[in-house]
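First to last, the protein sequences are chains L and G. According to my numbering, the first sequence holds residues 205 to 657 in order. According to my numbering, the second sequence holds residues 205 to 657 in order.
Keep in mind the hints are simulated off the structure, nothing from the lab. A quick note: this is a predicted structure, and the numbers were derived from the prediction, not measured. Glycine included, every Cβ here is placed at the ideal spot set by N, Cα and C. The reader is advised that the hints may include incorrect statements.
Heads up, simulated DSS-like pairs for lysine-lysine below, C-alpha to C-alpha not over 25 Å straight-line [claimed, not checked]: (1) G/K622 <-> L/K556; (2) G/K556 <-> G/K622; (3) L/K398 <-> G/K398; (4) L/K622 <-> L/K556; (5) G/K556 <-> L/K233.
Example chain L residues on the side facing chain G (calculated, C-beta under 7 Å, incomplete) [claimed, not checked]: (6) L374; (7) L378; (8) T397; (9) D456; (10) A466; (11) V486; (12) E515; (13) V526; (14) P529; (15) G549; (16) M550; (17) N574; (18) V576; (19) L621.
Number of protein chains: 2
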Amino acid sequence: MPTTSPHLEQHDHDRAGLLQALEAGDLDKVQRYCDEDLAPADLAHIMESSPGRVRELLWDFLSDERQGAVLPHLNEDLQQAFLAQMNAHEILETTQDLDHDDLADLLQQIPEPVTRQVLSLMPPSDRATVEGLLAYPEDTAGGLMNTDLITVRADVTLETVLRYLRRLELPDHLDSLWVVNRQFRYVGLLPITKLLTHAPETPVREIMQDDIEGIPATLHEDQVARRFERLDLVSAPVVNDEGILLGRITVDDVVDVIRDSADHAVMSMAGLDEEDDIFAPVIRTTRSRAVWLGINMLTAFIAAAVMSQFEATIAQIVALAVLSPVVASMGGIAGSQTLTVMIRGMATGHVKRDNLGWLISRELGSGAVNGVLWASIIGAITIGWYQDSDLALVIAAAIVINLVVAVCAGATLPFLLKSLRIDPALAGTVVLTTITDVVGFLTFLSLATLFLL
Amino acid sequence: MPTTSPHLEQHDHDRAGLLQALEAGDLDKVQRYCDEDLAPADLAHIMESSPGRVRELLWDFLSDERQGAVLPHLNEDLQQAFLAQMNAHEILETTQDLDHDDLADLLQQIPEPVTRQVLSLMPPSDRATVEGLLAYPEDTAGGLMNTDLITVRADVTLETVLRYLRRLELPDHLDSLWVVNRQFRYVGLLPITKLLTHAPETPVREIMQDDIEGIPATLHEDQVARRFERLDLVSAPVVNDEGILLGRITVDDVVDVIRDSADHAVMSMAGLDEEDDIFAPVIRTTRSRAVWLGINMLTAFIAAAVMSQFEATIAQIVALAVLSPVVASMGGIAGSQTLTVMIRGMATGHVKRDNLGWLISRELGSGAVNGVLWASIIGAITIGWYQDSDLALVIAAAIVINLVVAVCAGATLPFLLKSLRIDPALAGTVVLTTITDVVGFLTFLSLATLFLL
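Please build the complete structure, drawing on both the sequences and the hints.
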């Protein structure tokens, strides 16, 4: 009988128990945890949050079958690491109980020649299915779909359908059967709840739903997710250009897509990859972080080079050195707010060509008002600090200009980057702060050179 | 018959058509779009991505019933705006077809007295249900659940269950029936696919599943979402402390939770609220952005105040003014990478007390290695630029120190902020960059004062 204790606490409890047993060297207990007590997803989670040594240990405790069940739940870094230790025979052995779509995802983590080897060892019918799945990029509807379809014809009765179902093993998340014609073209769906509530002699045609369209196999996974969200779907049919039914997508895969794209948005702003192993050894972590530090060093030196053009001015008025970073950072903040709103608006589909003009003018208006507001306050602080009203006027003017430029840049950069096929979430902030630093230093220091010397 | 055209394109097409009809003053066409052609979620999406004038226009085209269907799909800002225009009678009229959980969510957007008025106008049984839902905070399992339960007893046969179902109108996302005992305590679930594949005389007890625990009504929605993800659920039972079945949560609500928490993570890093209306008028946008600019201005002035302590040094060596921002920004980048990894690790549950020490030492190691690497490179650039090897040594030392401090701060801040009940996603970056700016300026300029003057 189920208890009411939160499952997460149970999971934490098991995790602690497993790690304790490992520590104590109680191998029987570890084996029991690995064999029975923990679900594959929980084992994967524990392995992901452990250092390398513990991972290897746990992995060796798992039977081939358990290894196969755990693999799809691991991040790509770990999948690659474990798959790299196996040859084609072992990979096939380990993954034999997996769904075809999970297997296809795993095969994309290993070198092409090994993939070909694994495929050549598979029974021809399985091979054809998996090859079909591999033909679609991972981030499309075709890459997400599974092929565990149950199809019926529109002209049969529910009684026939029920008799047919009793002979099958039904897949998970079965909420609808797919209705197809003789050419296997998708024509509608039959919710299984209707099988329960309608008379057995009813023909499928009479109660099938034809308002859910087939998802084209080439549709991007983000758009697939949006469709699931908008229509509250549990599963949806995937079709090719001719409308032939290829497979189905279930909501559990869509949940993963949403989670991954969320993680991507957050991680890429810091130059990180959401599939990275956060428990990677020092050397790997250092390498993956170094690239981003290098890019940012370049942008910092660009700003420094701009500032160094004004060394003569700064030598005369040292306050300029102190206040320059303030001007630059206010622009950075204002710009990144606009940038974030725009990137999110593009992702949700709220920002379109037809309302872009309105949005940009709104951002400009808001940037100008905030510019004047904070320019006044910063000007006042400057007077209080340095007793210099000319300096205050110069910094105020620089703040207004930098905020307006920042907001313009924040509003237009995502579109510019996207049209150059650069991910705005990854590059947006770097490019933006380079602009706001350069413009901030340039306006503040050149206005100072003109009016204060 | 469904076509294979991507639904999103259809949605874009409808949106363009609707806006065109509005523009052209073709009111019959607008009315048709509002009455039939567009799904409530699509209408809500179009309204969210339109300026205020268009929204009001479209809203007036909607019948009471359609208004009610659209409301739950709007962001909170818009829900509040439209609900504020109605009195209690109108709200009840408009929302009469909504599920109880959607109604409860809406009632949380209006002032308490109006909520009480609406409740007092409802039939007693509905009122009791909605009041029960309002008792749970919006962000808990109780706040997410719906009360459209179909329950059965363990001792009846499938035939009885089937007969019972035929008399009901089945709710959406019905994948399981809930098995309860005489006290309405949750004891297990009966997947409806089993109704199709097992003989009618089978008792429920024999085929019910008891491995899915009831979700406590007080569990936080993020943990509910994690459980759905881990166990690939479509629906799950919600229970109180005594294990009494209160309601069920369906995956469509969980998808919204995941999407919202993702949006929250991204938006709060720029000091924005994910429920804000991105098409709000200039004045509202300006106000919501101003707070964040003000906070950041304070931190910028803290850094400036630190720098101003060294004005005498800067006056003698102007290069220090040029290079200070480089030191500060390298620390900011390194720290925010660690911060992001930690915040995400906490959200996914990968970072725990038992592996925190390992993670911090790993981050420190990586910070030190990257510190030495980039200190050498920046030192070399400085020699090339200013032909001053002492200056190069000073900036290199400052970079190493700032990167190590930044990484420590990034690793520990999330826990510190969380224990102070401050959202790390919101405050983390601000606090972190204040630290890296202050430490960067302080080490670089004081080392320079000590060794270069």
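Violating hint indices (sorted, rising): When the structure is compared with the hints, numbers 1, 16, 18, 19 turn out to be violated.
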